[in-house]
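A.B. asks: The primary structure of each chain is shown beneath.
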Amino acid sequence: MKVVGAALVMFACTLLGFRVARGYRERPKALRQLLQALIELQSEIEYHATPMPQALRAVGTRLGGWCGGWLVEMAKVLTEPAHAPEIALQSVSLASATNGSLRDEDAEPFLRLLRSIAVADRDHLQQPFLAARADLEAAIQAAQEEANQGARLWQYLGALAGVFIVLLLL
Amino acid sequence: MSAADSNPRSALAQVIAVMPRDMARLFQGLGDDLLHELEEIRLRAGQPLELCLRQRSAFVAEGGELTSSPHRGVRVSADELAQVLQRLTQFSRYAVEEDARHGYVTLPGGHRVGIAGRAVVEAGRVRAFRHVTSLNVRISRDHPGAASAILPVLYDRVSRRPLSALIVSPPQCGKTTLVRDVARRFSYGDLAPDHPGLKVVVIDERSEIAGSVDGIPQFDLGPRADVLDGCPKAEGMMMAIRSLSPHVVVTDEIGRMEDAEAVLEASLAGVAVVATAHAASLDAWRRRPWMERLFASHAFDRYVVLSRRRGPGTVEAVLDADGRPLRRGGAEAR
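Residue numbers (the numbering used here), protein chains in the order written: chain A, 1 to 170; chain B, 1001 to 1334.
Quick caveat, the hints were computed from the structure, so don't treat them as lab data. A quick note: this is a predicted structure, and the numbers were derived from the prediction, not measured. A hint or two may mislead.
[Unchecked claim] Computed from the model, here is a short list of chain A residues facing chain B with C-beta under 8 Å:
(1) Pro51
(2) Asp121
(3) Arg122
(4) Gln126
(5) Leu130
[What the hints assert, rightly or not] Far from chain B, some chain A residues (derived; all Cβ distances over 12 Å):
(6) Leu8
(7) Met10
(8) Phe18
(9) Val20
(10) Ala21
(11) Gly23
(12) Arg62
(13) Gly65
(14) Glu73
(15) Ala131
(16) Asp135
(17) Ala139
(18) Gln144
(19) Ala161
(20) Phe164
(21) Leu169
[To be verified] What follows is a set of in silico ranges between Cβ atoms, one per label pair, in the way DEER data are often shown:
(22) A:Ser43 / B:Gly1222: 27 to 37 Å
(23) A:Arg133 / B:Gly1031: 44 to 54 Å
(24) B:Arg1009 / A:Asn99: 56 to 66 Å
(25) B:Arg1009 / A:Asp121: 31 to 41 Å
(26) A:Ser43 / B:Val1158: 35 to 45 Å
(27) A:Arg133 / B:Gln1055: 55 to 65 Å
(28) A:Ser43 / B:Ser1243: 19 to 29 Å
(29) A:Asp104 / B:Ala1269: 53 to 63 Å
(30) A:Gly65 / B:Arg1009: 36 to 46 Å
(31) A:Ser43 / B:Ala1078: 29 to 39 Å
(32) B:Ser1010 / A:Lys76: 18 to 28 Å
Glycine included, every Cβ here is placed at the ideal spot set by N, Cα and C.
Whenever a hint applies, use it, and build me the whole structure from the sequences.
C.D. replies: Encoded structure:
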């Protein structure tokens, strides 16, 4: 009975560690998807001069997944008359869209971009896109480094915590 | 159907959608008869909200009732005006840059919004407007049958071909409404009982004739109409002639040298052109640069002069290619 209990504790702790580690690994992946969306949005807006809500909807539909859903939701709130646009955009949560892989603050480069291009003419579209891209690339790099360290650390921590609790209980 | 709908509320839906919530509520309180008469909504920063109706103008007071006193009118704040402008441009000034440079933006449904404010000038040309202080929303409505009075003179029964025509009038006399109905009637084949419909290409540079949303016409233009939405007139006419083999090209507000050349080119190619121009009379139109040449070349077979004497769309005169009257006075197009 004790052995079964110890095995269960070990298993639960290791699983917990792996889950936290997966969160670390998901974050750079999710940020890369955000970057991909930004690149597609840039061509939609710079080349076709598509208005923002339609561009967000078109890119979102093409991309699909959580990122596509998030973009389509932003397009939707932009066309609803209920709120001022800045407030409307902030109401679309990135954390919920990604099930917690990203935080709402991670959307800031994207939202800053949308605020900038809303009032930019065609000659001045490139700069905000470059800035947002640089911000996202930096975030990806930081998230990758964090994932390299954090993911392995949490895997070990999970297993070790399991061993520690089992030893305590025995 | 949206703006094309005869219901005044659905025609206004796209306009109300760009208004801040409190302002939109005021419009929802207005009666249908009033909305039927509504021609313009004027928003000026710090000034009362003004409605221009068919025969009068009035300010909107708190609670939605109309008043002639500017002091009782609900004032439009600079912030509200900025919000309207953001929604008008769909948060995408880059997408409407060219139109805005000419002082207007077109809403879905063909409602044109005039812009006033401080102009940003570059190399002697207006590049943009900043500090926008006024917006004038011109309500676009469809009037099927508006062209009934002039349709017989736009068709040659002997040669069985449509004739080129220029609709001339000052602003707000119903030119666009008239050409929209001409396009629709040609497209459906309402010219003669035994005449099939004609292939119509609408060059809709300002998206007012077809009222397109995402390229899809919101007004009924019949089964044989192709729309070049947002396309410059002169370039569009040449593209249409080369690749869409139209019987008739319909366009709005010609006035530039390249427009005149394209109309001439179309007439030489055997394609009828139905266009509009801003002018109080044919003589006034002829005095504009490049237009006398167009007149002298007989590019148009008919000139239709409109006024508001008996309401928008009053046909004052129908003239032939030499400017001689075929018919004069008072018929109402609508």
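A.B. asks: Each of the hints needs a verdict: does it hold here or not?
C.D. replies: Hint check:
With its C-beta approaching chain B no nearer than about 4 Å, Pro51 of chain A sits inside the 8 Å limit, and its interface hint holds. Below 8 Å, beta-carbon pairs count as interface contacts, and Asp121 of chain A has one with chain B at about 5 Å; its hint therefore holds. With 8 Å as the threshold, the beta carbon of Arg122 of chain A comes within range of chain B, its nearest partner Cβ sitting at about 5 Å, so the hint holds. The beta carbon of Gln126 of chain A comes no nearer than 11 Å to any beta carbon in chain B, farther than 8 Å, and the hint placing it at the interface is violated.
The beta carbon of Leu130 of chain A comes no nearer than 16 Å to any beta carbon in chain B, farther than 8 Å, and the hint placing it at the interface is violated. Every beta carbon of chain B lies more than 12 Å from that of Leu8 of chain A, the smallest distance being close to 54 Å; the non-interface claim holds. Chain B leaves Met10 of chain A outside its interface by the beta-carbon criterion, the shortest separation being 54 Å against a cut-off of 12 Å. For Phe18 of chain A, the shortest C-beta to C-beta distance to chain B comes to about 42 Å, beyond the 12 Å cut-off, and the non-interface label holds.
With a closest Cβ-Cβ approach of about 38 Å to chain B, Val20 of chain A is found to remain outside the 12 Å limit, as its non-interface label requires. The Cβ of Ala21 of chain A lies farther than 12 Å from every Cβ of chain B, with a closest approach of about 39 Å, so its non-interface assignment holds. For Gly23 of chain A, the non-interface assignment is confirmed: its Cβ lies about 33 Å from the closest Cβ of chain B, beyond the 12 Å cut-off. Against chain B, the non-interface label of Arg62 of chain A holds: every CB pair exceeds 12 Å, the least being about 16 Å.
Against the 12 Å criterion, Gly65 of chain A stays outside the reach of chain B, whose nearest CB is about 24 Å from its own CB. The claim that Glu73 of chain A is not at the interface with chain B holds, since no C-beta of that chain comes within 12 Å of its own (minimum 15 Å). No Cβ of chain B comes within 12 Å of the Cβ of Ala131 of chain A; the nearest lies about 16 Å off, and the non-interface call holds. With 12 Å as the threshold on Cβ separation, the claim that Asp135 of chain A sits away from chain B holds: the shortest Cβ distance comes to roughly 20 Å.
Interface exclusion of Ala139 of chain A from chain B stands, the closest Cβ pair being 24 Å apart, more than 12 Å. Annotated as non-interface, Gln144 of chain A keeps its C-beta farther than 12 Å from every C-beta of chain B; the closest such distance is 32 Å. At roughly 49 Å, the least C-beta separation between Ala161 of chain A and chain B is larger than 12 Å, which holds for a residue marked as non-interface. Remark: the non-interface label on Phe164 of chain A is consistent with the geometry, its nearest Cβ contact in chain B lying 54 Å away (cut-off 12 Å).
At the 12 Å boundary, the C-beta of Leu169 of chain A stays outside the reach of chain B, the nearest C-beta of that chain being 59 Å off. At roughly 36 Å, the beta-carbon separation of Ser43 of chain A and Gly1222 of chain B lies within the given 27 to 37 Å, and the hint holds. Distance hint check for Arg133 of chain A and Gly1031 of chain B: the Cβ-Cβ separation is about 52 Å, which falls inside the suggested range of 44 to 54 Å. Against the hinted window of 56 to 66 Å, the Cβ-Cβ separation of Arg1009 of chain B and Asn99 of chain A comes to about 42 Å, which falls outside the hint.
A hinted range of 31 to 41 Å holds for the C-beta pair Arg1009 of chain B and Asp121 of chain A, which are about 35 Å apart. For Ser43 of chain A and Val1158 of chain B, the Cβ-Cβ distance of about 54 Å falls outside the hinted range of 35 to 45 Å, so the restraint is violated. For the pair Arg133 of chain A and Gln1055 of chain B, the supplied restraint of 55 to 65 Å holds, since their beta-carbon distance comes to about 56 Å. For the pair Ser43 of chain A and Ser1243 of chain B, the beta carbons lie near 26 Å from each other, so the given range of 19 to 29 Å is met.
A hinted range of 53 to 63 Å holds for the C-beta pair Asp104 of chain A and Ala1269 of chain B, which are about 59 Å apart. About 39 Å separates the C-beta atoms of Gly65 of chain A and Arg1009 of chain B, a value consistent with the hinted range of 36 to 46 Å. For the pair Ser43 of chain A and Ala1078 of chain B, the supplied restraint of 29 to 39 Å holds, since their beta-carbon distance comes to about 35 Å. Checked against the hint of 18 to 28 Å, the C-beta distance between Ser1010 of chain B and Lys76 of chain A comes to roughly 21 Å, which is consistent with it.
Comparing the model with each numbered hint stated earlier shows that hints 4, 5, 24, 26 do not hold.
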